[in-house]
Every structure is written in structure tokens, then in C-alpha cells.
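Build out the structure end to end from the sequences listed, making use of the hints.
Each chain is listed here by its residues.
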Amino acid sequence: MFIHYVQLGFYSLRRNPVLTLLMVMSIGLGVAASMTTWSVFRVVSGNPLPDKSSQLFVPQLDNWGPNDIVKNGQPPNAVTYRDAMAFMQAHEAERQTALYPVRYAVTPERTGAEPFRVQGHAVFADFFPMFELPFRFGAGWSRADDDAHAGAVVISRQLNDRVFGGANSVGRSIHLGDHDFRITGVLDNWNPQPRFYDVSNHSAFGDQPDIFVPFNRAIDLHTQTNGNNACHENSAPGFEGWLHSECVWIAFWAELPDAAAQSRFRSFLEGYGAKQQQSGRFNWPPQAQMHNLQDWLDYTRVVPSETPVSLAVSAGFLLVCLVNAVGLMLAKFMRRAPEIGVRRALGATRQAIYAQFLAEATMVGLAGGLVGLAFTALGILAIGVVFEAAIARLAHFDLWLITLTVLTAIVATLIAAFYPAWRAAQVQPAWQLKSN
Amino acid sequence: MTLHPLIAALSKHKAGVILIAMQIALTLAIVCNAVFIIGQRIERVGRTTGIDESNLFLLSQQWVGAPSGDDADSIAKLDAMQREDLAALRALPDVQSVSSINSLPLLGSSWNGAIDIKPDSKKAFGRTTYYFGDDQMFPTLGMHLIAGRAFNAGDVHNQGFRDQKDPDIVILTKVLADKLFPKGDAVGKAAYLNGSGKPVTVVGVVEKLQAPGLFNSDDTTYNSTLAPVRLDANFARYAIRAKPGRLEAAMRAVTPALYAVNPMRVLDDNSVKSFADIRHDAYEADRGMAILMAVVALVLLCVTAAGIVGLTSFWVGQRHRQIGVRRALGARKIDILHYFQMENLMIAGAGVVIGIAMAVGLNMWLMTQYEMARIPVLYVGVGVLAMLALGQLAVFVPARRASNVPPVVATRAA
Numbered sequence: 001m002f003i004h005y006v007q008l009g010f011y012s013l014r015r016n017p018v019l020t021l022l023m024v025m026s027i028g029l030g031v032a033a034s035m036t037t038w039s040v041f042r043v044v045s046g047n048p049l050p051d052k053s054s055q056l057f058v059p060q061l062d063n064w065g066p067n068d069i070v071k072n073g074q075p076p077n078a079v080t081y082r083d084a085m086a087f088m089q090a091h092e093a094e095r096q097t098a099l100y101p102v103r104y105a106v107t108p109e110r111t112g113a114e115p116f117r118v119q120g121h122a123v124f125a126d127f128f129p130m131f132e133l134p135f136r137f138g139a140g141w142s143r144a145d146d147d148a149h150a151g152a153v154v155i156s157r158q159l160n161d162r163v164f165g166g167a168n169s170v171g172r173s174i175h176l177g178d179h180d181f182r183i184t185g186v187l188d189n190w191n192p193q194p195r196f197y198d199v200s201n202h203s204a205f206g207d208q209p210d211i212f213v214p215f216n217r218a219i220d221l222h223t224q225t226n227g228n229n230a231c232h233e234n235s236a237p238g239f240e241g242w243l244h245s246e247c248v249w250i251a252f253w254a255e256l257p258d259a260a261a262q263s264r265f266r267s268f269l270e271g272y273g274a275k276q277q278q279s280g281r282f283n284w285p286p287q288a289q290m291h292n293l294q295d296w297l298d299y300t301r302v303v304p305s306e307t308p309v310s311l312a313v314s315a316g317f318l319l320v321c322l323v324n325a326v327g328l329m330l331a332k333f334m335r336r337a338p339e340i341g342v343r344r345a346l347g348a349t350r351q352a353i354y355a356q357f358l359a360e361a362t363m364v365g366l367a368g369g370l371v372g373l374a375f376t377a378l379g380i381l382a383i384g385v386v387f388e389a390a391i392a393r394l395a396h397f398d399l400w401l402i403t404l405t406v407l408t409a410i411v412a413t414l415i416a417a418f419y420p421a422w423r424a425a426q427v428q429p430a431w432q433l434k435s436n
Numbered sequence: 001m002t003l004h005p006l007i008a009a010l011s012k013h014k015a016g017v018i019l020i021a022m023q024i025a026l027t028l029a030i031v032c033n034a035v036f037i038i039g040q041r042i043e044r045v046g047r048t049t050g051i052d053e054s055n056l057f058l059l060s061q062q063w064v065g066a067p068s069g070d071d072a073d074s075i076a077k078l079d080a081m082q083r084e085d086l087a088a089l090r091a092l093p094d095v096q097s098v099s100s101i102n103s104l105p106l107l108g109s110s111w112n113g114a115i116d117i118k119p120d121s122k123k124a125f126g127r128t129t130y131y132f133g134d135d136q137m138f139p140t141l142g143m144h145l146i147a148g149r150a151f152n153a154g155d156v157h158n159q160g161f162r163d164q165k166d167p168d169i170v171i172l173t174k175v176l177a178d179k180l181f182p183k184g185d186a187v188g189k190a191a192y193l194n195g196s197g198k199p200v201t202v203v204g205v206v207e208k209l210q211a212p213g214l215f216n217s218d219d220t221t222y223n224s225t226l227a228p229v230r231l232d233a234n235f236a237r238y239a240i241r242a243k244p245g246r247l248e249a250a251m252r253a254v255t256p257a258l259y260a261v262n263p264m265r266v267l268d269d270n271s272v273k274s275f276a277d278i279r280h281d282a283y284e285a286d287r288g289m290a291i292l293m294a295v296v297a298l299v300l301l302c303v304t305a306a307g308i309v310g311l312t313s314f315w316v317g318q319r320h321r322q323i324g325v326r327r328a329l330g331a332r333k334i335d336i337l338h339y340f341q342m343e344n345l346m347i348a349g350a351g352v353v354i355g356i357a358m359a360v361g362l363n364m365w366l367m368t369q370y371e372m373a374r375i376p377v378l379y380v381g382v383g384v385l386a387m388l389a390l391g392q393l394a395v396f397v398p399a400r401r402a403s404n405v406p407p408v409v410a411t412r413a414a
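Chains A and B, in that order, give the protein sequences.
42 is the number that the working numbering gives to position 42 of the first sequence; each next residue is one higher, with no gaps.
144 is the number that the working numbering gives to position 144 of the second sequence; each next residue is one higher, with no gaps.
Think of the hints as simulated: they come from the structure by calculation, not from any bench.
Hints may be right or wrong, so weigh each one.
Claimed, not checked - Simulated coverage check for chain B against chain A, where a stretch passes if three residues somewhere in it have a Cβ under 8 Å from a Cβ of chain A:
#1 143-150
#2 157-166
Claimed, not checked - Calculated pairs, DMTMM-like style, for lysine to aspartate or glutamate (alpha carbon to alpha carbon, straight line, at most 20 Å):
#3 Lys165/B x Asp155/B
#4 Lys165/B x Glu53/B
#5 Lys165/B x Glu233/A
#6 Lys118/B x Asp185/B
#7 Lys165/B x Asp120/B
#8 Lys174/B x Asp120/B
#9 Lys165/B x Glu240/A
#10 Lys198/B x Glu233/A
#11 Lys165/B x Asp298/A
#12 Lys118/B x Asp298/A
#13 Lys118/B x Asp166/B
#14 Lys273/B x Glu53/B
#15 Lys189/B x Asp116/B
#16 Lys198/B x Asp120/B
#17 Lys52/A x Asp298/A
#18 Lys198/B x Asp79/B
#19 Lys208/B x Glu371/B
#20 Lys77/B x Asp147/A
Quick reminder that beta carbons are idealized off the backbone N, C-alpha and C, glycines included.
This is the structure:
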């Protein structure tokens, strides 16, 4: 029976091609607009570390006081060097790391080759297990290396390819700035989006870091931050003066696996703030707070405002196209009132009429989905114009998106078809036969 | 024409009427807000920076093996390297002037602080962004000095990148100077930077200079403070003005010139960037958003128009016989045309009334979520007129067809 309805539907769709085309295009456009923007949205608002995001926390300490006008009463997003070091030494979390972005020039060993720039982060040993970095060769350095201020380095697969031709380079050294660093590990591809681990310092969407160096070693070498530095007041001169200032520039992460660890860390944080107040560093009770990974991405507004606005607009667009489809389907179905009357008079039940028109709607939805697929592909190509290149590169067409596009089109069309199909089923056979 | 039969007829097609009205309302709400967003973005992109952008480019480079310490020796060495670079760049035939600089408008990376007219202020009076450059900063950027004097070679001193030492003199932008000294007498007065107790003298006022940050709110985007300081670090930025028409030649010449001075440095494709490219990159997202909104609005209008054409055609088909009867009873073609036009006007009128409420509601929701401004009445007004016009345009073809129904149809069976 279903096949018969599909045939009937096909015949009917061919009977008024203009109306059919309008419906199909309308649904296709609506679905394509929402799918295109959704493809960007899922990239930028995705959870970069799903299995651990509720266990990773960023603490904040209000070291600038309530009178600072910059932050609207919120503590700064980064911490000072002295606080980061105090958190590291307290060792209150299972794993923890302070980190800041760095940049070095690499001097190739071959003579005549020009130096080139690498960027990455200065981190502690816990960084690698904490954020589950995949290694191609070797591993991260040890906590003992941290304590020894060792010149270790973890390099990206790309950098390894460039400098060592892809060979296992563990144990060899690389010349960063003016100093040799011993390679302990080579990463496999690792570039979570958003780059959640240092959102207050660099753009959340972009290239994979080339290097990770030990934090203590980077400080020893007076490596400046390659990210933001926010100061409340002038600090003492020089690098040492900067380290001891109230300037904030370091991201801190703590891994707190359960509620007990979280409340322990929270009370440590509050106690630390109170102690700093007692020692006279602050003349205000410093607000201390912490966010887990997902909340932190919300709090720091990592998702560019363009994306949710365009998603909202696209959803509205889909809605208009659906309302449009309801109207057109109503026109199309009701035009066949005489035919329905005959079928009903010949014994077709209301359910049969329903089934017939929903089958027809499914075909419209399927066609709309295929048209939508073509438009979505076009839209994804055009995304480069709308969003920053770094984000646009990430939006892509995959099986999941294809399935979702076609499914959305069919489901949306079926929803739109319910009312017209109901109206068609309500047709009184007697009236239609009489007027004929 | 009396409206009574018209309304009576509409009440027979409640579903269709509601659908068209709904569609017009939704379209109005979305298109109004989309056009408003486009307008805002165009306004943002159209902001002037206050500098002469043509023939200007930026060079960012990093030395390899340069001193990384902040002792006097290292700073002196870094400064010597920087001055050597500046001299080499100034000697190039296609280059008009060069200044060391920490950032440029629209570049993004900025150095911000607070400025006040009282010493040791803990509550910052005004937010400002800092530009550090040498005496060539004025001719290179092409800013307009409107009071006092520009920096001269004797004003310039150098300091380490992390030495937060206040300069002796500064130049302010007009908006900042007026905020601090509302009487307009800033030149010669003292100001205090970042809550410090050391007075710095304002020696001049420039007409305009935009901050490097793009996300400054509108009231701080032109609050700039210029200081005659050459910052020394293991990297440096140079703002370079090419001679008129020689921009490309100058951009090609700088890299070999600097390698000739000292090959131990990182200078890649991204190191030399024209100001036109800086501007292009800075507003990429705004431009994209405007294009996206324009496409959405346009396609939406087409979809809505198509919907009206479709439904009205259906009604015309349904009322074929009635139209014939009306014509047979003496109605002219124009009366039939007017009937359908009037009908559409009523439906669209109801739609826009709902649409106005929805447009304002959508705008208010966007305001709470994404720091959007309130939509001006003008946008909604124009939107309303556009929707009514769209309705009339869309209904014209089916209405014309209706008016061509011959009176003889009345005598035939349906």
C-alpha cells in the first residue's frame, strides 16, 4: 500500500511542478541555512575533552580588588606568577599545571638555513597526562625534571617532520632561542578545538602548538609571555619585578576527580586568599572561585558571538520556510479535495487519506533534503567568507552532517504536513461528490 | 469597496490567512534584525583610524641569539640592534619614514592602562591604550596634531620591554584629552598613568588615533596615549611609510635589507604586512557577518514572496467560479484586481503588526545574549513598508490572472 501511495504522491507532485518546486526549494533552503551554521557551531562549541571536562578546574583569585574597573567585579581570568607558584607548591590537586604561551626561534643545525619561529606553551609535567596528549614517540618529562629545571622539550609531529624528517628524535636536542633542549617526546596530532587550555591568552581556534617546554626552565631563561599580560599598576623594573608584580598572565589548571577533591581545593583556595589578606597583600577579602572546563568556556565567552547569532537567525529561517511549506502543502492537498471525496466515497478510511498525504510529504521532504544537501555543501564552501579562517577550516561535510540534513528535512516536512493532511482527511465526501 | 465581504471571505480560509500572516510576521522580525546587524557592522568597518593608511606597512621580526636579560647591558645591546635596523630601513630609496612601534590600530595586540589627573589614584579614571614609538611616529603614521607639539628626537628614550617606567611626556588623542581636561587646555598639564604618583606632561593633542584592540567599547576605542619610548626586547615592530606609489617596492626591499644588517633573525611571509591587509583581516568577521545576514534576508524575502504567490494562486483557482459570477454581475477587471490586492494588504497588515512585536522581542533577546544595541524605529518602519510592498508585489501576478477570468465561467459547472 505504501508503494502505491508513493506512486500517487509522485504523480501528484508532477502534476503541479511549480508548487512542488516552491515547496522543495523552500525546505531545501531552510535546512541548508541551519545546517551550514550548525556545522560551524558544533565545532566552536564542542566539548574538547568530553571524558574529563567536569574534572578539570581553573581557579581565579581576585588580586586586583573590588575597585578595579576592568573586570566588572569579576576576578581576572589569569593568575599572577606568585599565586601560580603557590598553587603548584601546595599540591592540593591530583594533577596541576601552570602554563603560559611562549615563542622561540629555532636555529637549524644545517648552516645556511634560515632560523624560523615556533610557538607553544611552557607547562609542568602534569600537563601531558592531565589533558591526555597522544605521543608518537617517547613521553612527557617527569616531575623530577620540573624540580631540576631541566631543559626538556616535547615537540609536535609537524616540527619533528620539519627538523628530523619524521624520525624518532627522542633523546636528540633542538636549539630554541639560545639554548639546547633535549627532546623527551614527539606528539601525534593534537589540536583540540576550542584550544581550551589557554583561552585567555590566545585565540581559541588555531594551529597546533609546535613545542611544550618546562615552565621553570622558561622562567629561568626569562622567556616573555607570547600572550596577554594585564597589569593593575606599574611593577618593579625588569623580569624579576614583573614576576613579583600583581600582573596576571598565567593560566592554572587543577585536576579534581571527585566532589571531595573539589571542595577540598575550593577551601584551600579560600584559605589561601584569606592568608594573603592577613599578610597585608590585599586590603579586601579576595573573592576566590573556580570553574570546570565547560563552564570556563562559557564564562570566557570562547564561542564568537557571530556563531550563535547566525545559528539563531538560521533557526528562524527554517521556521519561516516550514510555515511556508505548510501553506503550500495546504494549497496543494486541498486542490485535490474532489479526488479525496471520490476515494472516501469508495471506502478509503481517514487513516488511508492520512497515510497517502504523509507519504507524499515524505517525498517532498526527501527532495528538499537532497536540495538542502547541495545548498549545505555550497554554504560550507562559502563559510570561509563569513567566519575567521581558523574556524572555517574546521567546518566540514561528513556523514553525520549529511544524515542530519536529510533527516531534518524529512522530519520538518512531516511536521509541516500534519495540519494539511488532517485537513485533507476531514474532507466530506458528500459535498465533493455533489459539487462535481 | 466595502470590506465586509472581504472579511467574510477571509474567515473561510482561516488556516491560509494565519499562515501567510505568520510568515510575514516572522520574515519581518528576522529581516529587520538582520538589516540592523548589517548596518551596525558597516558602521564598525567604516570607522576611521586617524592615521594615513595608504603606503603604510608593518614589519614584525624577532632576533635569534639576542640578549634575553633585562640588565642595562642587554637593553643597551638590544637598543643598538634596533637602531641599526631603523637606520638601514630609513636608508632604503623607496622608504619615506620609519618608526619603532609597539602596535598599530586594528592590529589586535595592545598595551592598555589607566590615566588620571590625580596622583596615586586607585580607581582608574580613564582607560587608555598606549602607543610607544620614536620621533618619526608622527610623519610615519600621518596623524593630525591639533594642539601643542609632536615628539622630537630629544624626547625619545629607550627602555626594556618589561620596565614599566612612566614616560616624562605624552601626547593624547582629543577624546581622551577632553575627558581629562574638559576645558580643552590639556597641553602643559600633568596626568598620571596607571595609578602612579609621577606626573607626566601632556605636550600635544592629536585629532584621532584608534586603539589596536577591536573589542574596545565605543567610548574607549579612541582613548590613546602616545609616549616617545623605544621598547627593547628580542623582537621589534617597525611602522614603515613608503614613498607615494612605492609601497610594493618598499615591502620587497625591507627583508633583504634587514638580513644584510644581521641574518640571525626570524623574518617570514607573515612578518611584512601592509596596513590594507591589517584592516582586511581585522574586519573579516564583520564583513562575513554582514554578507551572511544579507544573503539570509534576501533568500527569506524570496521564500516569503513565493509562499504568497503559491497560496494566492490556490485561492484564485478555488474561487474561479465566484470571480466569474462577480464579473457577470458587472464587476470590472480592476475591481477583481483590487479585491485580491486589498485582501493581501489586510493579511500583510495583520502580519506586520505581529511582526513588529516579534522584531522588537528578537532584538531584546539578542541584546541580553550578545551585547547588541536597541533597534532604531527607522529600521522597523522601513521593514514594515518593505513587507507591505513585498506582499503587493507577490500578489500582483495571481491577482492579474484572477482579473482575467472571463464572466462566462459563471455559466459553466465548476
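| task | Assess, step by step, whether the Cα of Lys174/B is no farther than 20 Å from the Cα of Asp120/B, and give holds or violated. | result | violated, 24 Å
| said: Lys189/B and Asp116/B were given as a pair; does the straight-line alpha-carbon distance stay at or below 20 Å? | reply: Holds: Lys189/B and Asp116/B sit about 12 Å apart, inside 20 Å.
| query | Given the proposed pairing of Lys198/B with Asp79/B, does the C-alpha separation stay at or below 20 Å? | reply | violated, 25 Å
| query | Under the criterion that the straight-line Cα-Cα distance not exceed 20 Å, is the pair Lys165/B, Glu53/B satisfied? | reply | violated, 30 Å
| Is Lys208/B close enough to Glu371/B, meaning Cα to Cα at most 20 Å? | violated, 26 Å
| request: Take the region 143-150 of chain B, compare each residue's beta carbon with every beta carbon of chain A, and decide whether three or more fall closer than 8 Å. | output: Violated: only 0 residues of the region 143-150 of chain B have a Cβ under 8 Å from chain A.
| request: Given the hint that Lys77/B pairs with Asp147/A, test it: the Cα-Cα distance must not exceed 20 Å. | output: At roughly 32 Å apart (the allowed maximum being 20 Å), Asp147/A and Lys77/B break the hint.
| message | Just to be careful, I want the Cα atoms of Lys165/B and Asp298/A compared with a cutoff of 20 Å; is the pair within it? | response | Since the Cα atoms of Lys165/B and Asp298/A sit roughly 37 Å apart, the hinted pair is violated (cutoff 20 Å).
| Given the hinted pair Lys118/B and Asp166/B, is their alpha-carbon gap at most 20 Å? | holds, 15 Å
| request: For the pair we were handed, Lys165/B and Asp120/B, check the Cα-Cα distance against 20 Å. | output: The hint holds at about 15 Å.
| Can the restraint linking Lys198/B and Asp120/B be considered satisfied, given a maximum Cα separation of 20 Å? | holds, 8 Å
| field | Satisfaction of hint between Glu240/A and Lys165/B, Cα-Cα up to 20 Å | value | Judged against 20 Å, a Cα distance of about 15 Å means the pair holds.
In this structure, the hints that do not hold are numbers 1, 4, 8, 11, 12, 18, 19 and 20, in rising order.
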